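Trainee: As you go down the protein sequences, you meet chains G and D in turn. All letters in the first sequence, in the order written, are residues 1 to 129 by our numbering. All letters in the second sequence, in the order written, are residues 130 to 206 by our numbering.
Think of the hints as simulated: they come from the structure by calculation, not from any bench. Since this is a predicted model, take the numbers as computed values, not measurements. Among the hints, a few may not be true.
Stated by the list, open to error - Taking lysine-lysine and the BS3-like style, the derived pairs with C-alpha atoms no more than 30 Å apart in a straight line are:
no.: 1; chain 1: D; residue 1: 155; chain 2: D; residue 2: 204
no.: 2; chain 1: G; residue 1: 116; chain 2: G; residue 2: 105
no.: 3; chain 1: D; residue 1: 134; chain 2: G; residue 2: 33
no.: 4; chain 1: G; residue 1: 67; chain 2: D; residue 2: 192
As the list claims (entries may be wrong) - With beta-carbon atoms standing in for the labels, derived distance ranges:
no.: 5; chain 1: G; residue 1: 115; chain 2: D; residue 2: 196; range: 49 to 59 Å
no.: 6; chain 1: D; residue 1: 193; chain 2: G; residue 2: 120; range: 41 to 51 Å
no.: 7; chain 1: G; residue 1: 97; chain 2: D; residue 2: 139; range: 37 to 47 Å
no.: 8; chain 1: G; residue 1: 110; chain 2: D; residue 2: 195; range: 38 to 48 Å
no.: 9; chain 1: D; residue 1: 186; chain 2: G; residue 2: 50; range: 38 to 48 Å
no.: 10; chain 1: G; residue 1: 116; chain 2: D; residue 2: 174; range: 34 to 44 Å
no.: 11; chain 1: G; residue 1: 49; chain 2: D; residue 2: 199; range: 42 to 52 Å
no.: 12; chain 1: G; residue 1: 105; chain 2: D; residue 2: 137; range: 46 to 56 Å
no.: 13; chain 1: G; residue 1: 60; chain 2: D; residue 2: 170; range: 14 to 24 Å
As the list claims (entries may be wrong) - Pulled from the structure, derived: some chain D residues nowhere near chain G, Cβ distances all over 12 Å:
no.: 14; residue: 133
no.: 15; residue: 151
no.: 16; residue: 154
no.: 17; residue: 162
no.: 18; residue: 164
no.: 19; residue: 170
no.: 20; residue: 173
no.: 21; residue: 188
no.: 22; residue: 189
no.: 23; residue: 190
no.: 24; residue: 191
no.: 25; residue: 193
no.: 26; residue: 196
no.: 27; residue: 197
no.: 28; residue: 205
Cβ atoms here follow ideal geometry from the backbone N, Cα and C, with glycine treated the same way.
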Amino acid sequence: MNTPLYVICLSGNIEHLQFCAMTASVAAVSGRKVSIFVSMNAFPHFTNKPAETPPTTGPFGDLMATKKMPPFMELFDNAVELGDAEIFACSMAMDVMGIGKDDLKPFVAGALGLTKFLSDAESGQLLIF
Amino acid sequence: MSEPKLVDARGGFCPGPLMELIATLKTLEVGQSLELLSTDEGSTADVPEWVHKVGHKMGPTSKDAEGVWHIVVEKAK
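Next up, chain G with everything else stripped away, as it sits in the complex:
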């Protein structure tokens, strides 16, 4: 049996968002159960409210902007639609931003607390972006 993958997505910069989405989507379509927990500066991208264009943090991010990279939100959607992934919104982030369940993107499974996520993650591999 494949080890479940637990991903914490925090950074709002494009390099981290892109690689987080790449990792989650490839693992999810390769037979691994993937749980993604989104919070901090990554969180606004998973709501229906307009989010700022993710900033780059270096030359690689600038270079990616000139290439035909798969959009990171499309990859998160692929992870859910084509693979066995679930995306959870951090309940703290929802409270801080005043976001309700109806304000989350449709492919977000719902809200989750950090305690429950970390408890579940004891059974698998944890990555933080």
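Starting from the known structure of chain G, fit chain D onto it as the hints suggest.
Mentor: Just chain D now, with coordinates in the frame of chain G:
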């Protein structure tokens, strides 16, 4: 036997071609094939790795004169 369904992922970068392949494979019947066109050389390693992991079948892989990889995959389950 029918011709493989073409999936044109030229110009895309990892994991775009793989995702396009998987999305199309889901629409095929068992025994049908697709041919992925990719300019991302990493696809020649990533696609066989994924195909073997999930239990489909690899067909031939070739590179044409324009540098485009042609990767054939058969849906096996």
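Trainee: List, from low to high, the hint numbers that the structure doesn't satisfy.
Mentor: Per hint list: 12, 15 and 16 violated.
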